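First to last, the protein sequences are chains A and B. All the letters of the first sequence, read from the start, carry residue numbers 1 to 164 under the numbering used here. All the letters of the second sequence, read from the start, carry residue numbers 1001 to 1440 under the numbering used here.
Check each hint, because a few of them may be wrong.
[Stated by the list, open to error] Listed next, the in silico DSSO-like pairs over lysine-lysine satisfying Cα-Cα at most 30 Å (straight line):
#	chain 1	residue 1	chain 2	residue 2
1	B	1075	B	1153
2	B	1075	B	1052
3	B	1233	B	1362
4	A	70	B	1148
5	B	1153	B	1207
6	B	1314	B	1349
7	A	162	B	1148
8	A	70	B	1233
9	B	1314	B	1362
Derived by calculation from the structure, the hints in this document are not laboratory data. From a predicted model like this one, the values you see are computed outputs, not experimental measurements.
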Amino acid sequence: MSSFTPENRDRAREIVARYPFARSAVLPLLHLAQEQDGWVSPEAIEEVAALVDQEPAQVLGTCSFYTMYKRDGRKELVVSVCTNVSCLVNGGPELYELLSERYSEAGDVMVEEVECLAACDTAPVFQVNYEFHGNATGESATTTIEEYRSGARVPRGVSGGKRA
Amino acid sequence: MAVTETRIVTNRLREFTEDSWTIDRYLATGGYDMLRQALTMQPVQIQDEQVKASGLRGRGGAGFGTGQKWSFLPKGIYPRYLAVNGDEGEPSTFKDHMLIERDPHQIIEGVVISAFAIEAHIAFIYVRGEFALGIERLEQAVADAYAKGFIGKNILGSGFDLEVVVHRGAGAYIAGDETGLLSSLEGERAMPRIKPPFPAVQGLYAKPTVVNNVETMSTVPHILRMGGEEYAKLGVGRSTGTRIFSVSGHVARPGNYEVELGITFRQLIDELAGGVRGGKQMKFFIPGGASAPWLMPEHLDAPLDMDYVGSELKTMLGSGAIMVFDEDTNPALIAWRLLKFFAHESCGKCTPCREGSMWLEKVLFRISHGLGRPQDLDMMLSFGSTIVPGLNAPFSQTTICAMGPSTMSAVVSLDRFFREEILEMCNAGAARPTIPVTSA
Ligand SMILES: Cc1cc2nc3c(=O)[nH]c(=O)nc-3n(C[C@H](O)[C@H](O)[C@H](O)COP(=O)(O)O)c2cc1C
Ligand code: FES
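When you get a sec, could you build the whole thing from the sequences and use the hints?
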């Protein structure tokens, strides 16, 4: 069973061809799978493994090392809130608490705490599907997230790429 | 006289905020002229007369001489690879993010010139996965550069071929370490590798590889434009040129400031970044990212000079991240959050880093949350000396990469500057009935 669409299958082959050795394509292929499906499914792991001529266990081992890959079901909106020190002294942890509380029941919004997002001059910082939003307050962040939910803002794919 | 920025690498992106990342703007502002010039030179000329003569030192953190690093490539062994480090994960560093999003062609021009100089025919630009917009712009820039013949086969008729691949990371600080980056590029967990062999000798796919930072690459075209010797006149001592410093925390004007090396911390923090906001006093600052030992207000008049900061102040300019904390800051809380970062990001390969960061985080959690014990600080120093034998600067290490010793920077700083305050907190904490060991 193929997990990539025919179009993405072509893209996958093109990605593999960029590298002198196929195994270097593991990370970009996992991104492609996540862009398409909203997560990295077990089927995607198998297909990526076949494309780079590795065992699925090897690909899973690599995949599980990297925090961006979500392996526990499809995500619509991933809200990543930074709580590292420059955000900490600007209300990052409070923002994280508030958003994770507010969306704890929402099936379409996953709120996660993340490390410094390299945008500390606009602390506190959060991302929605890897799109940056700075100088956030609880209210401005909620408004922004609601805009994504209502379709007023078009989110990137869950891996930050184009929406599938 | 008030200090100002010296904008070399950041000039275009500051001046043309509307479209600094586009090929049209880049070409309209002299872009790729230096590539044209470089392709008429001998590779060794670029290496010696330009890059080595400029005194350029890596902007990724370690500050190693760029020309010198290139000269370590063994003669006659091919293929060689260039791997560009845009993983920028060092807490509170946000300069490469800006360069990738807002001046990607400048990086590419530096990459093509550098690849020509080291005779590499494939260059990988490893970009932190979370930089979605940056990756989009960089990929567009690479496509535009291919279309104009600045990358690809027979570049500008010179006979030189280069492929450039943008490689997206996926969330792992340790992929920023040069050997972790190579593991990640090979499709594995980003686990660092033992050196030697150094990447210059056996790097990507066990072939000679140069790893350089995004800001380092962005500087290369300007070195050619100014001339290596001219560039070396900027700066102070062996810290030549300019650097971009990311200033954040409790300052009035957080941001990236490109300054000539040799100005003082005070000029950077007070004059450019507006000083501590809200009329408060500074309590302490961290001069080079989370990995750097901390400094105090009494050090503000020291120069931004990599050697001076290392030998006299026992810390480093590192990644160029300067975090400023005001008088109301609890230093133990900052130390705990930094250790939480290290504990999360330790790749787990070396026991001292994996276990050490985890235990430091737990002990700092209880100290910073008012539950410390009087012996806690000394206990951390005691087991910490198995990560950094002797605890003396410059830190030695018992781990494969420099992340191990980095985990002790905050703790050593607490001991250096806040021992009394920590002991006081711990004595108060010891009076409490329960002392949890685990964090949230
Ligand atoms: C744990 C760790 C993380 C690092 N992260 C980065 C990084 O995000 N970006 C970077 O350029 N260098 C980083 N470095 C430094 C690199 O190992 C390497 O020195 C640098 O990329 C070389 O480029 P340069 O000589 O141009 O500075 C890191 C080092 C360590 C030990
Ligand atoms: S500390 Fe939050 S973006 Fe850097």
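Cross-check of the supplied hints:
At roughly 24 Å between alpha-carbon atoms, residue 1075(B) and residue 1153(B) fall within 30 Å of each other, so this suggested pair holds. Restraint check: the Cα-Cα separation between residue 1075(B) and residue 1052(B) comes to about 18 Å, which is no more than 30 Å; the hinted pair holds. The suggested pairing of residue 1233(B) with residue 1362(B) is violated, with an alpha-carbon distance near 48 Å, which exceeds 30 Å. Between the alpha carbons of residue 70(A) and residue 1148(B) the distance comes to roughly 38 Å, so the proposed pair goes past 30 Å and is violated.
Of the supplied pair hints, the one linking residue 1153(B) and residue 1207(B) holds, its CA atoms being roughly 22 Å apart against a limit of 30 Å. As the CA atoms of residue 1314(B) and residue 1349(B) are separated by approximately 27 Å, the hinted pair is consistent with the 30 Å bound. Restraint check: the Cα-Cα separation between residue 162(A) and residue 1148(B) comes to about 25 Å, which is no more than 30 Å; the hinted pair holds. Between residue 70(A) and residue 1233(B), the direct Cα distance comes to roughly 50 Å. Violation of the 30 Å bound is thereby established for this hinted pair.
Under the criterion of a C-alpha separation no larger than 30 Å, the hint pairing residue 1314(B) with residue 1362(B) is consistent with the structure, at around 26 Å.
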